[in-house]
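Build the full structure now, drawing on both the sequences and the hints.
Protein chains: 2
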Amino acid sequence: MMLDRGLVFMSDTRTNAGLDNISTFRKMAIWEDPGERSITLMSAGNLATTQAVVSLLDERSKSPEDRTPSLLGVPSMFQAARMVADTLREVIAQHADTGQRADSTFNATLILGGQIKGGPHRLFLIYPEGNFIEAAKDTPFFQIGETKYGRPILVRAYDPQMSFEAAMKLLLVSFDSTLKANLTVGAPFDFHCYETDSLKTGWTGRVASDDPYFQSVSERWGDALRDALDMLPDFALTSKPDPDAL
Amino acid sequence: MMLDRGLVFMSDTRTNAGLDNISTFRKMAIWEDPGERSITLMSAGNLATTQAVVSLLDERSKSPEDRTPSLLGVPSMFQAARMVADTLREVIAQHADTGQRADSTFNATLILGGQIKGGPHRLFLIYPEGNFIEAAKDTPFFQIGETKYGRPILVRAYDPQMSFEAAMKLLLVSFDSTLKANLTVGAPFDFHCYETDSLKTGWTGRVASDDPYFQSVSERWGDALRDALDMLPDFALTSKPDPDAL
Chain A
8 MMLDRGLVFM SDTRTNAGLD NISTFRKMAI WEDPGERSIT LMSAGNLATT QAVVSLLDER
68 SKSPEDRTPS LLGVPSMFQA ARMVADTLRE VIAQHADTGQ RADSTFNATL ILGGQIKGGP
128 HRLFLIYPEG NFIEAAKDTP FFQIGETKYG RPILVRAYDP QMSFEAAMKL LLVSFDSTLK
188 ANLTVGAPFD FHCYETDSLK TGWTGRVASD DPYFQSVSER WGDALRDALD MLPDFALTSK
248 PDPDAL
Chain B
8 MMLDRGLVFM SDTRTNAGLD NISTFRKMAI WEDPGERSIT LMSAGNLATT QAVVSLLDER
68 SKSPEDRTPS LLGVPSMFQA ARMVADTLRE VIAQHADTGQ RADSTFNATL ILGGQIKGGP
128 HRLFLIYPEG NFIEAAKDTP FFQIGETKYG RPILVRAYDP QMSFEAAMKL LLVSFDSTLK
188 ANLTVGAPFD FHCYETDSLK TGWTGRVASD DPYFQSVSER WGDALRDALD MLPDFALTSK
248 PDPDAL
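Taken in order, these protein sequences are the chains called A and B.
Residue numbering for the first sequence follows this note's numbering, beginning at 8 and increasing consecutively.
Residue numbering for the second sequence follows this note's numbering, beginning at 8 and increasing consecutively.
Accuracy of the hints is not assured; some may be wrong.
[Claimed, not checked] Calculated pairs, DSS-like style, for lysine-lysine (alpha carbon to alpha carbon, straight line, at most 27 Å): (1) Lys124(A) with Lys207(A); (2) Lys207(A) with Lys69(A); (3) Lys69(A) with Lys124(A); (4) Lys207(B) with Lys144(B); (5) Lys124(A) with Lys144(A); (6) Lys207(B) with Lys187(A); (7) Lys144(B) with Lys187(A); (8) Lys207(A) with Lys144(A); (9) Lys144(A) with Lys187(B).
Hints in this document: simulated from the structure, not taken from any laboratory.
The structure presented is a predicted model; accordingly, all values stated were derived computationally and were not measured.
Spelled out as structure tokens, the structure:
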């Protein structure tokens, strides 16, 4: 999510290979060179694919003697997005090339955001085909994975001027709606709040399912929703039976 | 939706054969024999299939001299669900048998609800395969078609003791969330509120997109949601950078 004051990232940690085989894996990776850049990557889709992408990017960034450009070397966020997108496409192509068949595809979708010195903070959504789109004022946030249940509250309550604290609340409420409807999404939630022009990792952490704040928000959000609905006027059932309906 | 006081049905009217080809069609049909029974059917999926199902059921119910049992003749809601499910399966099988290929499948899903004298009011979800499930206390409402965007508010705000007027408001708010996110769902909305043991069609009608009540609820719901979120405490960003995150 893109705010005036920076970027807020949140990812769940549930992965599954069928309903009877779920695990917890981090889906957020951060690369930083303090004073120079901070780049965050979140992933959805095939875990083997996304882990391979992160590992490849990570290896490159840890071999500075290597001439291969890395996320810590690219000059702009646009170049970073291109590098990540190319890596994603290569990994998917590699797996597909073996001719193996899998029940699910090797596809994955990524969200990449951050800032590199000399440029603004930017946010990208990267498709498995290796192309990508950038967040702008009209579409200031991206979702990947199970996006639908949590979307209505994001659309309604997003405000570019909101604080990190309010944005975190909004994202947790959005995830909570998804959690209640889809077993393939689950706590804990990893987060990163990046402050514009800080050029270093900001607030990061993990919100567990038994986190007192998360539990309280989850419980109180139900009441708050019901109260909000109560405040709206009821529908007036004055209509007569409609002959067309029969 | 199943309430203590009866059943509330609501359907949109948008159908599409591609984003560039949308139309308005009624997706709700009602059969009644006042004092004896009232049965409501809603459909999602292939329009040719669902219209054929409704026409077949309709023809049967209008030829009382015919020995074929009809929705106006079956002795119970369970038998009504079986008849509708069989009809649906036959229609789908017929189309599939021709060997024609279509871009989309001929599948459809139905919601059937109502009451027949001597039995309780019941609500069924009928699958294209011709089997069906019944609503119960644990799952007191069904959705078909684009179900995800509108589900969180239903889960949170449903109350079996709510009035028809409040239930209508809830359904319109739920549809409004879907409307804002999926172009294949669109107003006007048809509705039917059936009162338990009335054994006749209750309040029916159509809510247009420019209906002043619907417009007001849609606008005020956004504000109400933001207010509700504001009332919850913000997240406290006290966490330190997480070394695992890097």
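Here is what the structure says about each hint:
no.	hint	in the structure
1	Lys124(A) with Lys207(A)	holds (10 Å)
2	Lys207(A) with Lys69(A)	holds (17 Å)
3	Lys69(A) with Lys124(A)	holds (20 Å)
4	Lys207(B) with Lys144(B)	holds (24 Å)
5	Lys124(A) with Lys144(A)	holds (22 Å)
6	Lys207(B) with Lys187(A)	violated (36 Å)
7	Lys144(B) with Lys187(A)	holds (17 Å)
8	Lys207(A) with Lys144(A)	holds (24 Å)
9	Lys144(A) with Lys187(B)	holds (18 Å)
Of the hints listed earlier, the one the structure fails to meet is number 6.
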